[in-house]
Amino acid sequence: MFSKRKKEEGVVALFERPTGLIRAAQAVRGRSWTEFDCFTPYPIHGLDHAMDLPRSKIPWVTFCFGLIGCFAGFGFQYWTSVIDWPIIIGGKPMNSWPAFIPITFECTILFGGLATVAALFFVCRIPNLKAKVLDPELTNHRFAIFVSKHQKGFEVTEVKKMFAELGAYDVKVVE
Amino acid sequence: MATNVETFIEEPLVTGRKRLKDVNDDVCRPLESFPTRLWWIVFSATLVVFLFGAFCFTYQLFAGIGTWGLDSPVGWGMDITTFVFWIGIGHAGTLISAILFLFRQRWRTAINRSAEAMTIFAVMTAGLFPIIHLGRNWLAFWLFPYPNDRSLWVNFRSPLLWDVFAVSTYFIISLVFWYLGLVPDLASVRDRAKNKVRKFIYGVLSLGWRGSFRNWHHYEMAYLILAGLSTPLVLSVHTIVSFDFATSVLPGWHTTIFPPYFVAGAIFSGFAMVVTLLVITRKVFRMENYITIKHLENMNKIILVTGMMVGYAYATEFFISWYSGNKFEQYAFINRALGPYGWAYWTMVSCNVIIPQLFWFKKLRRSIPVMFVISLLVNLGMWFERFVIIVTSLHRDFLPFNWSYYRMTWVEVGILVGSFGFFLMWFLLFCRVLPTIAMAEIKPQLVRGRDADEEYVF
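Those sequence lines, one after another, are chains F and A.
Residue numbering for the first sequence follows our numbering, starting at 1 and increasing by one per position.
Residue numbering for the second sequence follows our numbering, starting at 1001 and increasing by one per position.
Some hints could be false.
Claimed, not checked - To be clear about the criterion: a stretch of chain F counts as covered by chain A if any three or more of its residues have a C-beta under 8 Å from a C-beta of chain A, and this derived list gives those stretches:
id, region
1, 47-60
2, 93-101
3, 107-116
Hints are computed from structural coordinates only; laboratory data are not their basis.
C-beta atoms are modelled at their ideal positions from N, C-alpha and C, and glycine is treated no differently.
So that you can see chain A by itself, here it is in the shape it has in the complex (with noise of 0.2 Å):
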């Protein structure tokens, strides 16, 4: 009589039959090598772009915020949308290194390196526009807390310095963290260099390390302890960012919504872009045995649970403004769908709630022409989000006779363009000089499980 077994066979994390050695020779690869005119093509476009973002914001700088389509009611447009943008896509990589590290994920060894990267990019993107959208930007240091003969402090109690802290705050951990995983990498980098100088330079980069084990145990508890903290940091710093609304008065702003709402949002565009980023990457570099299907299915699937969230707060909040009785309230989210930005509205709702939907489905999680649409899709619905949340609250506000259409310059999207042309140009020159893979967390997902004198199934 045979015996129904069903066997859970795990899809493996790295296919190929890699052996530790392949793991080094296949990261180090793009290091080592010339980077190919695919690459110089790229970079010099990006270069192009933001050149140009550069060249408005200069032409900002002489000709003031009036080059810009800003005028009242609307004080925020493109600058506030496009910084909360940026700092939500931070937050997919801290949460990639971070909470699914102490989730024991095991399939996040494969794109942490490339994702806490990009957080960085992200961030520092998100903290240029606090200066650009000043009206005098040589005065930003005026954010800073610091000695004067004026007994001037800066307001503690306003949002917008406490955005200031978090950020600074999420840029430096997100920074040291990052760094320290890269340490022990840097170290392979430099035990393989043959070139003198490139030997110097990672040395001394790399601090040192030699794999010491009394090392690597104090290294594994610093490591976790950072995980443990910058998860509530990456909990609080869009909490922050959405304050600098929801302390506001305004109908669509001041709700007690906004934190989990915006952690949700950026958690969703900040995979997206992971995704968009990866897809690219991996086949780029022929790092498809590591970060196979099966880790863009995962992050996928993290898409489509956190769209559905942020889905769940389009509606509460259309819920709650009827439910509220407030006509304030009620027709600022009508005004939302129906009114002038209309437009914009929709945009959000079908990227950032139906399309991700798609991924219901397996073959469709699967596919990487449908998540890399998908994830661009992603990207651009949540920057109308933020569009929206922040304009429409704004144009039409509690006084008709305030009330305004707001329309971009030239500038202004040039600025914005130009802040993808600045995050992209550090993400290709990071996949020229760093390993994008996180080496010495990689390879123990290759022997886990089977005997060490086994050989390798995979």
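Next up, chain F with everything else stripped away, as it sits in the complex (with noise of 0.2 Å):
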């Protein structure tokens, strides 16, 4: 995961189309650096590819705690009606588990939805109120490239003529 507490300094290059990009992903990436990201204003097909990126874990969290919620929704029936307050309503018994079906079904969705977008905060490390913005079209029609400065074989220069040559309109430093 790039670490965004390392200061963001660098090279970004900035594309007109998204093609353009997903070589210039390629090419950070066939010389093994890790150290780099890519903003587009919607995702693009192909570029988790590109980047090398795993699958998301996410589901996992969503997993687990719709499991906690199943059986905290459940729990909580079950002990305000069975063990608390144990009370005779419409003749059923006390552990009347159908009954409680619907609210257990709800409390593992709640649970499974609010822990999956607290998941996605976490793991994307918003709200990031001191983000710089790398460029105001990035988030309208434009797509860039950013790689570290803190990786092997880095020379400002030849990492700039890399990124012109394969198409990009802008290439900035970015301290």
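Combine both chains into one complex, guided by the hints.
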């Protein structure tokens, strides 16, 4: 995972079209560099492959917390209705588990959904209000790749030339 | 020899030769310009309507439920009808966001933002009614299981409690899903902002999103998961609402058809409300290139299908009531069609079953005036459907001595109408401060299927 704690010093190359960006990502991976990231206004198909990103682990969080929600929902209903304050309602047994299903189901979804979003925020390190916007067009219609300079074999002018050759319309140095 | 080749050219999802940059410009324009006189007039009108409703409710708060027309045996009237109505409206938004996403229906990208917003506001409106319909509204917090020194707990076995959890969960998850979709678009608005305060506000709301692909990668997974969770959620919520009736013993209520019948009806009325709102929004904000006739036509097809499911449910109920041989059941249905509420029943049948059949005709499906009128009639019919279900079963149940006739008072009508004001007020505000089209989701549709280096063909 690209550590955002490292100061963001390096080179950012801007592209007009996503194909240039994909080629750039492949070139960077080809040099076995891992401290880089791409910036796009929308997710580009194939870029995760070019960047060699492993599948996201968020579904595991969903599953775990969904399960917690399921047991918590059922458990709470069970404890209140069977142990703490058992009342005969409609002639049903105390552990009227079919009647507990709707709320159990809702708690599963609630916990699963909220945990998913919390996991996403954690993994993406957002909210991050100090994040520096590299170029305002990156949330509009341009695509960029940023390479950190803290990498083996990184040399500013050479990297700038490589991106220019791959079709970048602008290459900037980021301090 | 000429070969007869039939080429199927898909109707473009975005017309007008739009480029990526145009999407941001077109969608953000309403946010960045001062509201027009038209917006202020409409907003003031909805505000007045809402305030009248609030006044009626305040009067009821002090004078009591006696200001309503409810009496034995009709203990539920406008209140629960309108509650179910608004929850149902909310379902279309989640269907468009979640279910159409899972079915890879790419046309949803132009409408999902507004539809999801509509869901949130509809659920908010619906959520007012469990509070409004109480005799002691200030005790509404008793609905939630909070620890107390009287050792009391809520009755988890009651469908009314299941409702509390279902509607709360639905509201929270819909809000979270909608907000998640908004984050990249809020970043777009932030980056366009020239005004410092604007930049700060949208900067905070966008959580510092920069479009980092490592983030997009996880984001797409989270979005998929939320869509997958929202699908059973939306189906379960209206099912649980239908349990309010189905778990009782009244003829006309106690039937297993209610869950699928209610869910289909919810999608039906929800889509009709989306069509009503979008026909106006696309014209006023000049989004016709994004929310095209094709989008509206697709929604009308869904309205037709779900309307027929609802019609089928009506027929099934009638058949089963006859087939059951149960005289109470049989009477309940004869009373619906021929009794004192027959006027409500036939309004419902005309609006829900007969009128949507016009959508079989392509020309009518694609006609804006026709679809606008039909969408309004569908919503009228669906409000009456809930009214018919609730009131006709209550006003004449097992003992003829108990029979009565329920009429809404001005207080109830005021609250009903006020709820529309409340809903529209939020929607109008939404249109002014947030992007009404999911920019980050519609941009891939502009470039799909073409070599990205080719000129745009749309």
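Hints and how they fare:
For a cut-off of 8 Å, the count of residues in the region 47-60 of chain F with a CB near a CB of chain A stands at 8, and the three-residue condition holds. Remark: the region 93-101 of chain F is confirmed as covered by chain A, as 3 of its residues place a Cβ nearer than 8 Å to a Cβ of that chain, reaching the required three. Counting residues of the region 107-116 of chain F whose CB lies closer than 8 Å to any CB of chain A gives 7, so the stated coverage by that chain holds, three being the minimum.
Of the numbered hints stated above, none is contradicted by the structure.
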